[in-house]
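Q: Sequence:
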Amino acid sequence: MPPPPYAAWFETVTRFSPHGWQRALGEATQCGHRLLRIPTGFGKTAGVVLPWLYHRVRREDLGWPTRLVFCFPMRTLVEQTETAIRAWLERSGRSVAVHVLMGGVEGQRWELAPEQPAILLGTQDMLLSRAMNRGYGAGRARWPMPFGLVSQDALWVLDEIQLMDVGLATSAQLAAFRDHDAAARRRLRPTHAWWMSATLQPGWLATVDFGGQVPALDEQAVRIPEAERQGGLWEVSKSIDLRDVAAEADVAKLALEMHQKGTLSLIVVNQVQRAVDLFQALDDRCHERKGKARVRRPGAPELKLVHSRFRGAERAQWSRDFLSRAASQPKALPDEGRIIVATQVVEAGVDISARLLITDLAPWSSLVQRFGRCARYEGESGAIVVLGKTKTTAPYAEAELDAAAEAAATLARSAGDASPRAVDAFEQACAPDLLGRFYRYAPAHVLRRRDVDELFDTTPDLTGSDLDVGRYIRSGEDRDVRVFWRPVDAASKSVPRELVGRVHRAELCPVPVRDLRDFVRADRRGRPVFALDYVLGTYRRVDEVDRIPPGSTLLLPSSAGGYTADLGWNPKASADVVPVAPPAEPAESAALRLDQSAEAAEDDSLSQAAWKSIATHGRETAEELRGIATALRLPARLADLLDLTARWHDAGKAHAVFQDAIRQDARAEAGEVGLRRDLAKAPRGAWTGKGYPTRPGFRHELASVLALFSLLRRADPQHAALLGGSAELLAALGEPPPAAPPETSIDRSHPLAHELAALSEEELTLVAFLVCAHHGKVRTAWTSTPLDQAEGHGGIHGVCEDDALAPFELAAAEDDAPVPSLTLSLEPAALGVGARFGASWGERVSGLLEAWGPFALAYLEALLRAADARASMDATS
1 MPPPPYAAWF
11 ETVTRFSPHG
21 WQRALGEATQ
31 CGHRLLRIPT
41 GFGKTAGVVL
51 PWLYHRVRRE
61 DLGWPTRLVF
71 CFPMRTLVEQ
81 TETAIRAWLE
91 RSGRSVAVHV
101 LMGGVEGQRW
111 ELAPEQPAIL
121 LGTQDMLLSR
131 AMNRGYGAGR
141 ARWPMPFGLV
151 SQDALWVLDE
161 IQLMDVGLAT
171 SAQLAAFRDH
181 DAAARRRLRP
191 THAWWMSATL
201 QPGWLATVDF
211 GGQVPALDEQ
221 AVRIPEAERQ
231 GGLWEVSKSI
241 DLRDVAAEAD
251 VAKLALEMHQ
261 KGTLSLIVVN
271 QVQRAVDLFQ
281 ALDDRCHERK
291 GKARVRRPGA
301 PELKLVHSRF
311 RGAERAQWSR
321 DFLSRAASQP
331 KALPDEGRII
341 VATQVVEAGV
351 DISARLLITD
361 LAPWSSLVQR
371 FGRCARYEGE
381 SGAIVVLGKT
391 KTTAPYAEAE
401 LDAAAEAAAT
411 LARSAGDASP
421 RAVDAFEQAC
431 APDLLGRFYR
441 YAPAHVLRRR
451 DVDELFDTTP
461 DLTGSDLDVG
471 RYIRSGEDRD
481 VRVFWRPVDA
491 ASKSVPRELV
501 GRVHRAELCP
511 VPVRDLRDFV
521 RADRRGRPVF
531 ALDYVLGTYR
541 RVDEVDRIPP
551 GSTLLLPSSA
561 GGYTADLGWN
571 PKASADVVPV
581 APPAEPAESA
591 ALRLDQSAEA
601 AEDDSLSQAA
611 WKSIATHGRE
621 TAEELRGIAT
631 ALRLPARLAD
641 LLDLTARWHD
651 AGKAHAVFQD
661 AIRQDARAEA
671 GEVGLRRDLA
681 KAPRGAWTGK
691 GYPTRPGFRH
701 ELASVLALFS
711 LLRRADPQHA
721 ALLGGSAELL
731 AALGEPPPAA
741 PPETSIDRSH
751 PLAHELAALS
761 EEELTLVAFL
771 VCAHHGKVRT
781 AWTSTPLDQA
791 EGHGGIHGVC
801 EDDALAPFEL
811 AAAEDDAPVP
821 SLTLSLEPAA
831 LGVGARFGAS
841 WGERVSGLLE
851 AWGPFALAYL
861 EALLRAADAR
871 ASMDATS
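The opening position of the sequence shown corresponds to residue 1 in the numbering used here, with each subsequent residue numbered one higher.
Just so you know, these hints were derived from the structure itself, not from any lab. Since the model is a prediction, treat every value here as computed from it, not as a measurement. There may be inaccurate statements among the hints.
Stated by the list, open to error - DEER-style ranges, computed between Cβ atoms: (1) D453 <-> M873: 27 to 37 Å; (2) Q718 <-> D218: 51 to 61 Å; (3) R294 <-> M873: 56 to 66 Å; (4) R547 <-> V208: 26 to 36 Å; (5) D453 <-> D402: 33 to 43 Å; (6) Y396 <-> Q230: 25 to 35 Å; (7) E228 <-> A431: 23 to 33 Å; (8) G32 <-> G262: 42 to 52 Å; (9) V208 <-> F16: 37 to 47 Å; (10) H180 <-> A8: 31 to 41 Å; (11) R637 <-> M873: 21 to 31 Å.
Stated by the list, open to error - Distance condition first, Cα-Cα at most 27 Å in a straight line; then the derived BS3-like pairs of lysine-lysine: (12) K292 <-> K304; (13) K572 <-> K292; (14) K304 <-> K261; (15) K572 <-> K493; (16) K391 <-> K304; (17) K261 <-> K290; (18) K290 <-> K253; (19) K331 <-> K261; (20) K304 <-> K389; (21) K253 <-> K389; (22) K304 <-> K331; (23) K304 <-> K690; (24) K690 <-> K493; (25) K391 <-> K331.
Note that the Cβ used here is the ideal one computed from N, Cα and C, for glycine as well.
Hey, can you work out the whole structure from these sequences and the hints?
A: Structure representation (C-alpha cells):
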C-alpha cells in the first residue's frame, strides 16, 4: 500500500496541519543542501525532521541519507528536541533509534547499526568534533567510527546557526570537502546539510570553499511566502522599549516592578556570572531579614536560574519543571508568577512564552531570537525591554552591539513593536549594507582541506599536544572542557580507571577552559584535576593545566568543590560536591566494551566474548559486514573486499603473545575449543588480567596485516599488489627481483593466496588498511610506542621483526583454509621502498587517501568495526 499524502501523514504525526513551507519541503523527493529562513514559532524542527522520516524511513528511499544528524549550538535545544522527536516517532508507528551525544556513556552505541535509520542529536561541540575525527568525550580509538558515520550517509540539520560562531563556517567547509570527494574520489552514500534559522543570511555560508554554491542555494531557499505572512503568529503584539539600565541590582528592581502576578517573566543576559549575580540580587529582594531569620516576602515570584554551566542531572529537570510550553501556561504557573534568569541557552529552541522579556543588548540576530521567547503563541501580547550596555561586551564585539542598539532603537521608534510582522517589515526596509552591519559575521578561523586531511591521523602525540580542533568549533573563551566529580583521594598522583568506572552525561558539567585553569590555580597548592592517560589507561593528575585542550573530560575530587546544585559551576563554592548517582546500565555488551577498549592503548576487552576461533569469528564478521553492505547497496566489488577484510582482521591473534594471555586452566575447563591455539575470543574470566606482560602494548591487528603481506609474498613474491610501481625503481637501483622466502612456498591455488593474488595494489592496500584500523589504535603510522621503547625490543606495538605465527585456520571464500607458519616482517614500516614489500606503509596509506579521501575510508572503517562488535555478541564457538 502506498504511503498517504505527505500533508495527511504530517498531521497524524504532529497533530497539526503543516504550514505551506513544511508541506512543500516534505513533498520534495530529492535531498540536497538547503537553506531555511523561517521565523521563530513556525515549526522548524517538525519541518525538517518529518521529511527525512517520511522519505528515508517510511518510503525507504535510499536516495536519502540513513542518519539524521541534528546539530545545535547549545545543550537545552538538544534535550527539548529529543522529547518532541520521540513523540512524533511514537505516533508515526516507526521504530527509529534516537541517540543524544552529550558526553559520557551514550548507552547502546549508535555506531553498531550503520545500516539502520537513526537520529543523532548533539551540540556543535560534540558533532563538529566528531566530523573532524576528534570526537569530544570519546576514547581516542573510537574517533574514526563517528567521523566516518557523520561524514557519509548523513543529513546534517544545523539549527539556530546565528549562534554557532566559527562552527558555522566549519560546517560549510566540511560540506564543501565532502562534496569534492563525492565528485572527484569515491561516493559511497549521500551526505547533505540543511542550515536553518529565523535570521539566516546566505552570506554567512560564503566560505572560501563553499561560497560558490551559496547563490543557487539562496535562490532555492525555504522561506514563508509573502502571501502567507498574515494571521496567527504574525498578529501578536510585543511592545519594545529601551532602558539605560545595566547594573544587576537595578535590573532586579526593574524586573520586580514590571513583573505581573500569575505570569512568566524572562530575563536574558550575556554572561553566566552576570546571570548568577542577577539571580542572587533578585533572590535578596524576594526575601527579608538575614541568616536564620530570613523569610520569603509575601507575593514574591518564584525564581529560576538557567545557564550552560550545570550538570546534566540538574538540566534534565528544567523541561519538566519550568522550561517547556506546558510549564509556562498560566494554569501551570504559581499564583505569584515566575521569573526565569537565563543566558543565551534560552535564545532558541526553548518553547516558552513570557509576558515580559528583559534582555541585555546583544547582536541583532540574537535579539530577534530572544524576541521570539515573548508572546510566542497565537493571540498573546507582551512587553520587551532592551537594556543598555554593560561594562563588558563579552562574548560579543562592541561593533555588533552598536549595530544592534541602532536597529533596536529604530524599530522602537518606527513601529514600537517587535512582532514577527514588525521585524520582517523593518528588515525589508533596510538597505543591504545596513542589513549587512546588523548581521555581520566574520569567523576567527576557517577550516581548510589540509587540516581535515591531517586530522585523519589519530596517532597519539608523545608530547600530549594533539591538533586542537576547538578553534574551529567555538571562538576564544567559549571553548569548554567537561568536568565530573567523584570521591577520590585528592592527594593521589593517579586514579585507576577501574575505580572511576564509566562516566555518564548526567554528571558532566561544561566549564570554560580558562575558568578551570583559574580554579585550579586559585588554591596555592593547586587543586587536583585528573585526565585519562590513553597510553597507560589511568587517570593521571594534570600538572600543566595550560596544556588541557578543549573537549577534554576531566575528573575533580568531590572535596575540591566548585559546584552547587542551585547555581551550577561556582568556583567560589568550597563544600564537597555530591556526585550524581549513576543510572541503571544495560547488561554488559560489545557496545559498552567498545567504550572501555577505546580509552586505553593496551585494552583488548573486545576480545572478551564466548569462546571462538579466528576462522569462526572472521566468518561471522564477514556475514555481518556483507549484510550491512547489501542493506546499503554498496558496490558488489567493494562488498567482496569488505568480506575478505572481515575474514582476515583477526589473523594476528594467532600470535603467541595473544594466545598466552588466555589462562591455561580456563582453557582446560572449556574442553576442546579452549585448548585451541587459534582463538579470537574467550570469556572475561578466562584472561590473565595482566594485558600482555611479555610484550606490553601488543596489537594483534598489526600482526594481521603483516601476516596478510607475508602470505601473498609466499605465494607470489613479485606480485604487482606487493611491489606495484616499485619494481622498476628497485631494478633501477640494482636490486635483484624478489625471490620466494626461505619457507616453503605456497601455491597460488591455495584459497587464501588465490584471493589475495586477485587484488590490485590499491585493493590490497585498502584491505590491509581496514584490517590494520579495525580497533582504531593502529592506522596511518607504524612507529614504536613508549611501551615498546621501555621494553627495548625494537618492535612496533609489541610486534617484532621475524616474529612467527604458528599454523592456524582462517575463513576463505568457501570454507576454512589452513594457513602455514608465517614469519612477520616490519619492513613496510620503514621509509621509502622495500625490496620485499614495495612501498612503505606510509606511502600506501597516502595513496589510499588520495584515491578514496578521508571520509569514505573512515566510513568503511566504521562498517567493519560495527560488524566486528556485532559478531562478538554471537555465542557461536
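Q: Each of the hints needs a verdict: does it hold here or not?
A: Consistency of the hints with the structure:
no. : hint                      : result
1   : D453 <-> M873: 27 to 37 Å : 35 Å, holds
2   : Q718 <-> D218: 51 to 61 Å : 57 Å, holds
3   : R294 <-> M873: 56 to 66 Å : 58 Å, holds
4   : R547 <-> V208: 26 to 36 Å : 31 Å, holds
5   : D453 <-> D402: 33 to 43 Å : 40 Å, holds
6   : Y396 <-> Q230: 25 to 35 Å : 34 Å, holds
7   : E228 <-> A431: 23 to 33 Å : 26 Å, holds
8   : G32 <-> G262: 42 to 52 Å  : 48 Å, holds
9   : V208 <-> F16: 37 to 47 Å  : 41 Å, holds
10  : H180 <-> A8: 31 to 41 Å   : 40 Å, holds
11  : R637 <-> M873: 21 to 31 Å : 29 Å, holds
12  : K292 <-> K304             : 22 Å, holds
13  : K572 <-> K292             : 22 Å, holds
14  : K304 <-> K261             : 16 Å, holds
15  : K572 <-> K493             : 25 Å, holds
16  : K391 <-> K304             : 25 Å, holds
17  : K261 <-> K290             : 25 Å, holds
18  : K290 <-> K253             : 19 Å, holds
19  : K331 <-> K261             : 12 Å, holds
20  : K304 <-> K389             : 24 Å, holds
21  : K253 <-> K389             : 17 Å, holds
22  : K304 <-> K331             : 18 Å, holds
23  : K304 <-> K690             : 51 Å, violated
24  : K690 <-> K493             : 22 Å, holds
25  : K391 <-> K331             : 39 Å, violated
The structure does not agree with the numbered hints 23 and 25 stated previously, though it agrees with the rest.
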